[in-house]
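Chemist: Okay, here's what each chain looks like letter by letter:
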Amino acid sequence: MKTKSKTKTVGKKISRKDQIKKAKACGIDVSALTANLRRTPYERIMRHQVALDTFLMLRKAKRI
Amino acid sequence: MIQSFYNLLQRLVGENVDFILVGGFAGVVYGSSYVTQDIDICCDFSVDNLFRLYKAIADLQPVHRMTPRKIKFRLTKVNAGQFKNLYLDTDMGQLDCLSFIEGVGDYQKVKQASNIIKFENIKLRVLNLDNLIKAKQAMNRPKDRQIAIELETIKKC
Numbered sequence: 002m003k004t005k006s007k008t009k010t011v012g013k014k015i016s017r018k019d020q021i022k023k024a025k026a027c028g029i030d031v032s033a034l035t036a037n038l039r040r041t042p043y044e045r046i047m048r049h050q051v052a053l054d055t056f057l058m059l060r061k062a063k064r065i
Numbered sequence: 649m650i651q652s653f654y655n656l657l658q659r660l661v662g663e664n665v666d667f668i669l670v671g672g673f674a675g676v677v678y679g680s681s682y683v684t685q686d687i688d689i690c691c692d693f694s695v696d697n698l699f700r701l702y703k704a705i706a707d708l709q710p711v712h713r714m715t716p717r718k719i720k721f722r723l724t725k726v727n728a729g730q731f732k733n734l735y736l737d738t739d740m741g742q743l744d745c746l747s748f749i750e751g752v753g754d755y756q757k758v759k760q761a762s763n764i765i766k767f768e769n770i771k772l773r774v775l776n777l778d779n780l781i782k783a784k785q786a787m788n789r790p791k792d793r794q795i796a797i798e799l800e801t802i803k804k805c
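Going down the list, the protein sequences come from chains W and F. As numbered in this note's numbering, residues 2 to 65 make up the first sequence, in order. As numbered in this note's numbering, residues 649 to 805 make up the second sequence, in order.
Okay, chain W solo, but in the shape it has when bound (with noise of 0.2 Å):
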């Protein structure tokens, strides 16, 4: 008697590990992300609202 193979199809899923190594290879500073994990929500939006802050007084400088 046959009876149905059991094997499933399972979305391939990634390890930590590899997931770290595509972001390393895409050129994402895991560092930087593992630095903001440790902080606030709160935190991360003042930290961005600095970086923003910073870019657009970048933008709008002049060449002397």
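Everything labelled a hint here was simulated from the structure, so no lab data went into it. By construction, the Cβ of each residue, glycine as well, lies at the ideal position given by its N, Cα and C atoms. Errors might be hidden in some of the hints.
Partial list, derived from the structure: chain W residues whose beta carbon lies under 7 Å from chain F [unchecked claim]:
{"hint": "1", "residue": "A24"}
{"hint": "2", "residue": "A26"}
{"hint": "3", "residue": "C27"}
{"hint": "4", "residue": "I29"}
{"hint": "5", "residue": "A33"}
{"hint": "6", "residue": "L34"}
{"hint": "7", "residue": "V51"}
{"hint": "8", "residue": "L53"}
{"hint": "9", "residue": "M58"}
Keeping the supplied structure of chain W fixed, place chain F upon it in accordance with the hints.
Modeler: Frame of chain W; chain F shown alone:
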């Protein structure tokens, strides 16, 4: 007036605007290191909610930033039902109000896929990380693909 996304969000919350934070700034909340120049929200485009939104930002000189002449954003009973999306620039930064999020769905779907996150003195609905990744993947622009990889990494960390 000092540009501050947090103050802009405080205003929206203060006027009881029904919205969910989505896009790059939602990524920042979860720990993304990318700097974004606008706030994207998915909001209820009902007339009442749009008037609450308008009240929250009316004194910030809001303009339609996608129009060549930066037309002033004025909400009236006549035009309130005509908007599907609003791409605004205000004194506190750019604010994009969207009625549909690619990869997630309309306002109700986005709301179901959101978490309430508490900040210093406000509580915000933010699209959850899994659906934020889906939304970024659905956009399929190089920048969004990169952010999706970053968010996937955050999920694993």
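Chemist: Compare the structure with each hint and give your call.
Modeler: Evaluated hints:
1. The interface hint given for A24 of chain W holds, since its Cβ lies 4 Å from the closest Cβ of chain F, which is under the 7 Å cut-off.
2. The interface hint given for A26 of chain W is broken, as the beta carbon of that residue sits about 9 Å from the closest beta carbon of chain F, more than 7 Å.
3. Proximity of C27 of chain W to chain F holds as hinted, the smallest CB-CB distance being about 5 Å (cut-off 7 Å).
4. For I29 of chain W, the suggested interface contact is upheld, since its CB lies about 5 Å from the closest CB of chain F, less than 7 Å.
5. With a cut of 7 Å, the hint placing A33 of chain W at the interface with chain F holds, because the nearest CB-to-CB distance is about 4 Å.
6. Among the interface hints, the one on L34 of chain W holds; its C-beta lies about 6 Å from the nearest C-beta in chain F, closer than the 7 Å criterion.
7. The restraint placing V51 of chain W at the interface with chain F is violated, with a minimum CB-CB distance near 10 Å, outside the 7 Å limit.
8. The restraint placing L53 of chain W at the interface with chain F holds, with a minimum CB-CB distance near 5 Å, inside the 7 Å limit.
9. Hint on M58 of chain W is violated. Least Cβ distance to chain F is approximately 11 Å, over the 7 Å limit.
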